[in-house]
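Given only the sequences and the hints, what does the whole structure look like? Please build it.
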Amino acid sequence: MTRPFTAGCASPPTIRQRGQHEVFCGLTSIIWLHRKIQDAFFLIVGSRTCAHLMQSAAGVMIFSEPRFATAIMEERDLAGMADMHDELDRVVDKLLARRPDIKMLVLVGSCPSEVIKFDLPKAAERLNRQHAPGLRVMSYSGSGIETTFTQGEDNFLAALIGEAPSAGSEDEAARLVIAGCLPEVVEDQFSRLLRDLGIPGVHFLPARSSSATPAIGPQTKFILAQPWLGAATAALEARGATRIDTIFPLGEQGTTAWLGAIATAFDVTEARFEEVTQAPRQRARAALRHYRPWLEGRRIFLFPDSQLEPSLARFLVNETGAEIVEVGSPYLHRDLSAGEIAMLPPGVPISEGQDVDMQIDRCRAAEPDLIVCGMGLANPFEAEGRLSKWSIEFVFSPIQGYEQTGDLAELFARPLRRSAMLTQGLAGGEGVSCN
Amino acid sequence: MQLSMWTYEGPPHVGAMRIAASMEEVHFVLHAPQGDTYADLLFTMIERRKSRPPVTYTTFQARDLGGSTADVFKSACQDAVERFKPAALLVGASCTAELLQDDPAGLTRALAPGVPVVPLDLPSYQKKETWGAAETFYRLVRAFAGGRTRPQDIAPNSCNILGPTALGFRNRDDVREVSKLLEANGLDVRVVAPLGARPADLARLPEAAFNIVLYPEIAETAARWLEKTHGMPCLTSVPIGVAATRRFIADARALAGLPEAPVRGADEDRLTWYSRSVDSTYLTGKRVFIFGDATHALAAARIASDELGFKVCGLGTYMREFARDVRAAARDYGVEPLISDDHLEVEDAIIEARPELVLGTQMERHIAKRLRVPCAVISAPVHVQDFPARYSPQMGFEGANVIFDSWVHPLMMGLEEHLLSMFRDDFEFNDAVGASHLTANTPVATEATREATAAVVLADRLWTSDAEQELKKVPFFVRGKARRNTEHFAAENGIHPITVETLYDAKAHFAR
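These protein sequences, in sequence, are chains A and B.
Using numbering that gives the first Met the number 0, the first residue of the first sequence is number 0, and each one after it goes up by one.
Using numbering that gives the first Met the number 0, the first residue of the second sequence is number 0, and each one after it goes up by one.
Some hints here could point you the wrong way.
With a Cα cut of at most 27 Å, we get these calculated DSS-like pairs of lysine-lysine [as the list claims (entries may be wrong)]:
1. B/Lys506 <-> B/Lys471
2. B/Lys49 <-> B/Lys310
3. B/Lys49 <-> A/Lys388
4. A/Lys121 <-> A/Lys93
5. B/Lys368 <-> B/Lys471
6. A/Lys93 <-> B/Lys368
7. A/Lys35 <-> B/Lys368
8. B/Lys480 <-> B/Lys285
9. B/Lys73 <-> A/Lys116
10. A/Lys35 <-> A/Lys220
11. B/Lys506 <-> B/Lys480
12. A/Lys35 <-> A/Lys93
It is worth saying that the hints were derived from the structure and are not from the lab.
Here it is as structure tokens:
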């Protein structure tokens, strides 16, 4: 049960570019946050652009009334600041009249609200006083000038941790906090594995209900389930919690290292660990075998999107035999991702930030077999005859843990399989034989 | 401050993007923070465009706010000109950049990029997407057709088609259908813009005799300017529906000075016969709720009422700029006009109107789905489904055929409805049993669920049990409506509980 990574030799080259970033802003995290915390409502204080972004990015979820909305600032709001707080109160009253079931209201700052320095924490404090105790009000910033995509979740969790109850006694504090939104199926699997390992007092952050945030104190150990949680890490450490440092639970290797790090921190015996993880590890390897033929030796280029990219690249290289042309990440938390980066083959270029046109040039020149990129870029690449996988699926699909290892590989293999099917099928001629 | 869960329109810079993406050789430099690039996916995903929209986002960040955001703009602008070598450069700001007041127009002038620059003023906190598109198209037309002089000799039958854009509802197919119709009826289509046009084509606009404004929301501002500046008349009747198509061709021929003649292409009209065929008797008086952009909503109301024999029970638009026409039309149909961009208000109005068919945008499609009312989409905002692989215009005679299919199919077809009422008492032909060929897989109602249902009825006692029994004799496919109508009637008249009498009083009340 040794940790399967050690800090590598020379750090790989990093491409740092600034120019057009083809990534979502932090507001977009709300799309999964609002599904996760079932009694919370996210109210963006922003512009029509924010509202339009949310519905464009979350288009498919229109079927249910979402637990997020935008308070759209208008010309007359910008005229005087005092007026804007009144306006916000009015919007909140309207919202609460429609959704009296809401227990936590989260005010989310946007680019325009940051630029005009609208004081959201102050507004949250005032609203808290007005609506306590039935409703908790908090705030964080998901603005594009400060955050990309998944960093919105980071800021939200940092705010949530700031409001977490303090442990009155040693017994009250969570023993283990798993930070970062995970799909429920993954949470349930991890809960079972950790129970079987005999780890007590496990809490997921965020919890499924706004009132279930655990008490955090010096007795608390925490581990990240997602790589984008720099601010949340700082907030947990400020509470005295200690981080279990490892790689992320993607793939059989990542999941084993991740669970192993927890086991080590809680003095679980090697025999127990083997006993608990042996069967799912074998299942994960068996599932991977289906997809390896599609991915082995394939050259893959990852555009920046969610910050999961270094972990995905590590998985692709070590567990599917793919080659990595470039790993882009909108932002790198170097200390949180150090383990992942150390496990990449030497010389794999890592790019942080983006100049999208130049990156597209590099990508075209490299002629990769598969391009992992955002929805704005995917179809244009396909139209050039290149194969792509939209990266947003990695934040919406269950990909972590042993039982999803095959699914994760399948997400990369599917475009390749599909292309092979269509190349044969659409070429005409023989057609599909009945024999 | 306005509370918004879903919006009908994006911000004005998205409208500007739609114009840039519609045209060739145009590039748009948008001063905007990280994240605004989401708008690219509207084009690449919803419309499945094969190229990224021609937009460069400057992507400034918090650390730039100290004073260098103008430099960020300048270098992005310079790079874009070098890389894309456009024939026209649009520059503008998104909502956040508007607050910074960096003056993209002035910065670009100072750069002297060597290409025609069209600065855009897009007030994000006042205006919306469609306005932004109209304004951008007008600015481009003004920039390129402005200094031109009208030629001496202009063929009187020459015309331009103005208004079709990227992300427009079926615009791609409308242009093909309308061009074909115009050509068949003796007109000569010169420039179609903005869709597919280059800046140089805009300079040729004054060379045609007149303009056809296919989508007033997008092209009216530009067309009025061309009228004022170059004396070009414009045709604003919109050829959606059979009668409107005939009128459109007649108007176009009159503007071109061509004599009256039978409309060519009318033999493709199937709507007229299908609507007269006996099967369509069942469409008579179906209550239809209509909501969309002004052009499509008005056309839909006309077709619904005049060509399909529906009853318009609600009419509205999310475009305040075109509210006047919709108000006037609503008066003619005897309904209260709904001018709102609040989809919750639209939902309330739909519930209130109790329609049997909803014609709306993707937003109303979702509302109708929740209410289990049939629905067809007639207008932007669009969704990936609104870009079908097949040819399916809304305009012209083929457009009318497409409309007949797409509105009538969600309703129960007449023959089917007739058979259902003939056999409604058949022992295995009602909602209590599944279709006979599916018997093996049909769940049987258990005693427990029957008891549960009975308990609910007893608990609210809105209906007497006799009335409840009588209601069950109403064919199941209209029973829900009968229940709603009766409860509505009872509530309005303070009747409680609902008796068999009430049921038939309500039936008489709502008879038509």
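Results for each hint:
Our distance criterion of 27 Å between C-alpha atoms is met by B/Lys506 and B/Lys471, whose separation comes to about 14 Å. Under the criterion of a C-alpha separation no larger than 27 Å, the hint pairing B/Lys49 with B/Lys310 is inconsistent with the structure, at around 42 Å. With a C-alpha separation of about 16 Å, the suggested pairing of B/Lys49 with A/Lys388 holds against the 27 Å cut-off. Straight-line distance between C-alpha atoms of A/Lys121 and A/Lys93 comes to about 20 Å, which keeps the hinted pair within the 27 Å bound.
This hinted pair checks out: B/Lys368 and B/Lys471 have alpha carbons roughly 24 Å apart, not beyond 27 Å. The suggested pairing of A/Lys93 with B/Lys368 holds, with an alpha-carbon distance near 25 Å, which does not exceed 27 Å. Taking the CA atoms of A/Lys35 and B/Lys368, the gap is near 25 Å; set against the 27 Å cutoff, the hint holds. Proposed proximity of B/Lys480 and B/Lys285 is supported: the alpha carbons are some 12 Å apart, at most 27 Å.
A C-alpha spacing of about 25 Å is found between B/Lys73 and A/Lys116, which places the hinted pair at or below 27 Å, so the restraint holds. Restraint check: the Cα-Cα separation between A/Lys35 and A/Lys220 comes to about 23 Å, which is no more than 27 Å; the hinted pair holds. Under the criterion of a C-alpha separation no larger than 27 Å, the hint pairing B/Lys506 with B/Lys480 is consistent with the structure, at around 11 Å. Taking the CA atoms of A/Lys35 and A/Lys93, the gap is about 24 Å. The hint holds against a cut of 27 Å.
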